[in-house]
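With the hints as a guide, bring both chains together as one complex.
Here's the letter readout for the chains.
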Amino acid sequence: MTLTRRSVRFASLPLLLVLLLTLPAPAQAPKSGGVLTIHPLTAPPSLSPHEESTIATVQQVSACYSNLVYFDPGKKQESLDTIIPELAEKWSWQDNYRNLVLLLRKDVKWHDGKPFTSRDVKYTFDAVRGATDADVKLRINPRKLWYENVEAIEAPDPHTVVFRLKRPQPSLLLLLASGYSPIYPAHVPLADLKTTCVGTGPYKLKEYRPGEFVEYVRNPDYFVKGRPYLDGVKWVYIKDRSTQIAALQAGQLDVAGSGWNKANAETAKKGKPELVVVENDSNVNDNVLVNAKRAPLTDPRVRRAVNLALDRKAYLVGPRLGAATFGGAMQPRPSGVWGLPAAEVATLPGMGDPAKQKAEAKRLLAEAGFGPNHPMKLTVSTRALAIYVDTASWMVDQLRQVGIDAVLEQIETGVWHPKMTRLDFQVALNLTGTAVDDPDAMFFENYRCGSQRNFSGYCSEEIDRLMVEQSQTLDRAKRVKLVNEIDRKLQTEGARPILGWAKQYAVYWPRVKAFPQHENSIFNTSRYQDVWLDK
Amino acid sequence: MRGYVTKRLLIAAVTLVGMSMVIFFLMRLAPGNIVDILFESAGYVDQADKKQLERELGVDRPLVVQYARWVGEVATGDLGKSYRYDMPAWKIIKPRLPVTLELAGLALLFSIVLGVPFGVLSAVHQDRPLDYVLRVLSLAGLSMPAFWLGMVVILVFVRSVGWMPSVTYVSPFVDLKANLWQFVVPALAVGYRSSALIMRITRSAMLEVLREDYIRTAWAKGQRRTLVVWRHALKNASLPVITVIGIEFAFLIGGLVVTETVFNLPGVARYLVDAIQLRDYPVVQNLTMFIAVVVVLANLAVDLLYAWADPRIKYGKA
Chain U
1 MTLTRRSVRF ASLPLLLVLL LTLPAPAQAP KSGGVLTIHP LTAPPSLSPH
51 EESTIATVQQ VSACYSNLVY FDPGKKQESL DTIIPELAEK WSWQDNYRNL
101 VLLLRKDVKW HDGKPFTSRD VKYTFDAVRG ATDADVKLRI NPRKLWYENV
151 EAIEAPDPHT VVFRLKRPQP SLLLLLASGY SPIYPAHVPL ADLKTTCVGT
201 GPYKLKEYRP GEFVEYVRNP DYFVKGRPYL DGVKWVYIKD RSTQIAALQA
251 GQLDVAGSGW NKANAETAKK GKPELVVVEN DSNVNDNVLV NAKRAPLTDP
301 RVRRAVNLAL DRKAYLVGPR LGAATFGGAM QPRPSGVWGL PAAEVATLPG
351 MGDPAKQKAE AKRLLAEAGF GPNHPMKLTV STRALAIYVD TASWMVDQLR
401 QVGIDAVLEQ IETGVWHPKM TRLDFQVALN LTGTAVDDPD AMFFENYRCG
451 SQRNFSGYCS EEIDRLMVEQ SQTLDRAKRV KLVNEIDRKL QTEGARPILG
501 WAKQYAVYWP RVKAFPQHEN SIFNTSRYQD VWLDK
Chain H
1001 MRGYVTKRLL IAAVTLVGMS MVIFFLMRLA PGNIVDILFE SAGYVDQADK
1051 KQLERELGVD RPLVVQYARW VGEVATGDLG KSYRYDMPAW KIIKPRLPVT
1101 LELAGLALLF SIVLGVPFGV LSAVHQDRPL DYVLRVLSLA GLSMPAFWLG
1151 MVVILVFVRS VGWMPSVTYV SPFVDLKANL WQFVVPALAV GYRSSALIMR
1201 ITRSAMLEVL REDYIRTAWA KGQRRTLVVW RHALKNASLP VITVIGIEFA
1251 FLIGGLVVTE TVFNLPGVAR YLVDAIQLRD YPVVQNLTMF IAVVVVLANL
1301 AVDLLYAWAD PRIKYGKA
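Residue numbers (the numbering used here), protein chains in the order written: chain U, 1 to 535; chain H, 1001 to 1318.
Chain H extracted, bound-state conformation (with noise of 0.2 Å):
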């Protein structure tokens, strides 16, 4: 198993120096430069203090100097300089940061506490009510955008009891209270899209476990139903949940933008946005980083996780 990690890890950092060659140089294939925006749109272009600005930020350098300086500041734990704030990018990047875990983190445990149950009842269920019921939910959370369905849940709060989620950021070492409210509805709005994938890959892998000939003769052995489905069937069904789990996750860490936008929640997704239109490069950078971490990290947990899952899985044996 350990050697089995090792190799993984070792991957994974093969995997993240691919990472930061295709992000380093794509920003840089996007027209227009930092230099440009900040003297241009000032309206005032002084071509000396121009190249002297350049100078200052490095981007006059060559290409693959720049990235070599970018590696070697990452490699000592110094995340450069924001080209636009003209402050430490870690100062930028580290309150943002648990903003998004938290967000992504109440999504997925709601997605996963929604998702999971409702999934197994819709496949013990199958073609009767309540399976018609949870398919409908599921459809209905498939289709509707999380954005939109929180600005919904935003205007129906307001327009009935006139509150909504604070619109500045509460930490939950400030006001535990305060946060939870902050995040709930819009983790809820994120977690019902992702719980109703979580149901359907759930009731499709129950469905086909539950036809097995061991869960039959389990149930010919006369073992009670909770037992037979909530431990024999659904561990032989979690392959696929655990899959599509950490696919989420991972999803859910860049891909909030949009719901960060609507809840005003200041997030490394929606200022990422905002740091690509400005060319803030080495924002941009570091921020994608930590996103390609966080998936390739996510990836190596589901594979772990599998072993957990399924016995017959061994980790590091031909």
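Chain U extracted, bound-state conformation (with noise of 0.2 Å):
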């Protein structure tokens, strides 16, 4: 058979075909104007992110303020490797990390006309890190903690900051660029930013009202030339689940499903099919605190015998629909940069067989004194809100399958955390979602002693020790293993047994476009610059 030029042709016709239909589809230019209306996880309490530790502000006043250096809206995992410049052009370490140095932009000024200067900045971190020689002081200072290495901030000239460090750490760029660093105006007193917005972002505050909503629109003098696309940005607070899913499908949110679970997110795709569902990991996690200082939980077979006895496998299927993965203290790989490895992951208490891990959980309660004669009492506390009953009530159940006599206890939000910060309880079910992906926020804030937030009182003399190694490790892989020597002691320990990673999900109509999501952290992703809406 011979082929002919003609035959050829009309054989690669099929092929060209394919070859176009498979071809990416050309991007679209992206459109300026609209308002994007989205809903919020919950009110925020101030505009002010430096004195709050909820995401609610950091989520809503994000779109007004600038940092130094911020994470990159396009890639999916936050890491030092996707760190863009905001108000610093321009950075480098210095003598070895002890001195990082930062240029900054010169074309900045401040929604209120006022030209932006490096004065600002040491006026913002040495408020934060509660310098005895700063301008103002911070009424309450959540992240205090993230700067103690921080031994002074000095601004030579109007476009130099230098951050002196009192040794090594190169995570502080990390801490630089999350939602809860943003640069203040040191010219608007302090106490006005609970309620109002001086910043230097892309969008003007609009109005706020309290327990109702933020509106900003577009600053036109924003330093980034070309953005913003979107005329506004408005966060209404809709506080019933139901009512929040019936204003998406209904076209007055254009975004919604912070703090929504899959059925939620499912929920609303079946009423209106074209909506977009977009799953991705986070970094919130279900832990339980079990209190050692307080009978029986004095005993370390009692407290391996209640890890044992909580069947990860069954929170995952259950609570969880589904949607979350297994991990230790640090955020699980692929998608958390610190985490164990899988192949050890599958290994830790509560993730082996069920009904051997049960048999081991009642043969060391039976060696503690406890049995189907004596059963052990139990009272699980948690908050009283959805999102952490219907986990804390599996727990109850789960507890119960190994012959103790557990019971739930609701907690109200309001005396919460006092509760958890008096270790004034046996075992809870928490949530704990860290601002960024990295083993410096998260150790120190929750396993080192005598930091507030240590809420199981854990404590180790040598997990400190090397906590403070891993944070001024320069290697990478040297660093990685070192958290990860740090991870699995503490969950060989049962510091505070990680259930699972919980799933978040974006619901949004197809007309929002370049909606940024991250997947290791829900916390600083809301600047919105780029995002527009094609319509």
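What the hints contain is simulated information worked out from the structure, not anything from laboratory work.
Be aware that a few hints might be false.
[What the hints assert, rightly or not] Derived coverage of chain H by chain U (criterion: at least 3 residues anywhere in the stretch with Cβ under 8 Å from a Cβ of chain U; other residues may be distant): (1) 1083-1095; (2) 1150-1163; (3) 1167-1178; (4) 1259-1265; (5) 1271-1279.
The beta carbon of each residue, even a glycine, is placed where N, CA and C say it ideally should be.
Structure, rendered in structure tokens:
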């Protein structure tokens, strides 16, 4: 058979067609205009992120402020490699990671027209680290701990800032890139920033009604030319979950999903199949606080029995509806940067064969003197919010399966943290999220001896030493090894057993484009300068 | 009459003072305070800072001193500062009052407009098909919680026409039409329950009156049906109906929490629950006092309306 030129042409037509169909569509050019209406997790208690520790504030003020550096909104995973310049054009480490020198942009104005300078940076971080010579003092300072390694901040000229550290700390850049680290205006009274926002970000505050909404309009003087695309952003607080879903389906919201579980996202999609549902990993974990200072949990056998009794696979299909991943104290890979290897996670307590683990838990309890004739009584405390209660109720059931006489105690939000801080509980179900996926943020805050957020009261001098060691380790591979070593010890000792890492959902209309979502933090994505509406 | 009103107002003042004490001291009995919440939820507690904040907010003072300060401030029109939002409590409360008053007012209007005529018709057509239909409707109204009904209505609208009332408050002074669209559905949901109650009370009161001798005399004299029913009978049956309407209005002002939540209306009731959870004492105390004032005034209005409805009732005479 001979192939004529014509037959070759004819034969290649379908191939060409397939090729054309499989080629990616040309990227749409962003359109300007429109207001993005979005639903937050909850109403912000104030507009001052440096004085709050809730995502609600960070989420709803990020559009107004700028950081020195920020995480690239287009990259799914946050790490040192995805940090981009914002108010700092360039930066460099000097003196073996003891000094961080940042060169600032010269074309930046505050929303009230005043020029931005290095004085604003020094003012902000002196206040946050609680420096004795700071111009102002934050009434509440939740992230003072983040900057305890900063010895001094210098502003040698209006466009240069130097962070001088006590010891090397490469992760400082990550902390500076967090949504919790915006630069405040030195010329605006600190107290005013609770109810207003004067920033350098892509949007200016139009109106704030506590408990109702936060509304922004485009900042025409934004230092990134051609941005933002939107005319404005409006965060509308809707308390009721069913109303949130209905408002999204009715088109009153462009984006929703903050705090939604898989079932909520599926319900919304079922009503309006054209909605886009994106499932991502998140850096929020469900963990068990075991109070080792209160009997009978003073006995390590009892603590281990509690840990083994909680079948992680049942947790995944039960309270989390299949939407979670397993890991240790650090967010699991591949979405997380520092997590334990998957093979090792599979061997952690609670991950094995449920029947065998429950039998082992019963044996340990019997050794500790508890059995059918003398059941151990245990109160499982949790916050009186659905997302907590669902998992805590499941825990009670699991504990009863090994003969523990467990009861559920629901704690009102107003007294939850004080009760945890006082270690006024036996076992508690808690949710923990950190602003950045970094061991310096996670370990120091939640596991260090004496830390205010170390709710289980776990304390190990060795772990504290290793925490400092990993923090100043410059070699990445070596640091990962150290972080894994710490995590392994924390899991083996049951410092704060991790049940799993919840997935998060963003549900939006197809008209919303370039909506940023990160897999290892829910705190650092709400600047929205690149988001646009196709309508 | 004037003497009676003055006396009632004095009693109302004493009642309100008693209420203020109950509100103030009950709030302090609940465990946890705002300073604990502000500090410990932030995961950072500096005992010196905490003491300083307690001093600033005045929560370190003896309860009697705190109470006296609050009463003194309210007497001079100062509602204090919201602990949570660090802004004047009045600035938070003020925009919420018209929302709740409009919702409660519209709901009451619907309940009267539906409840009274249907109650009369039901009584007049006793044990006939119309009576049965109206009784079933009223029973359904009493059985279905307003928030559930509201949610169902929202879902039906969203599924069938892709519309629901606005989730952000629209002032009537900005856009009256949009405002009415926003309030009609929740007001009907709430008003339906109240109308069912009013209808049942109207029906039973009417049945009693329709059997009175003077009504029989009116029929015997050949008076027109509408005149007998709507003028003679209804006016004489209205005392219990007025009582129920007064109670319903007072209930609506403080009892709209769930409806305001479902329809995302930024009213007083919804915010009160949030403020209680946050131990935001100035806001809770002042909002609760506002509700107490409405209840007391509604009761006074009901008593005064009795005299209009029944001329035999004379105030101010022994």
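Checked hints:
Chain U is given as covering the region 1083-1095 of chain H, and this holds because 6 residues of the stretch bring a CB closer than 8 Å to a CB of that chain, at least three being needed. A stretch counts as covered by a chain when three or more of its residues have a beta carbon under 8 Å from one of that chain; for the region 1150-1163 of chain H and chain U the count is 8, and the coverage holds. Interface restraint, the region 1167-1178 of chain H with chain U: holds (3 residues with C-beta to C-beta distance below 8 Å; minimum three). Here's how the region 1259-1265 of chain H fares: 4 of its residues keep a CB closer than 8 Å to some CB of chain U, so the rule of at least three is met and the hint holds.
Counting residues of the region 1271-1279 of chain H whose beta carbon lies closer than 8 Å to any beta carbon of chain U gives 5, which meets the minimum of three for the stated coverage.
Comparing the model with each earlier hint shows no violations; every hint is respected.
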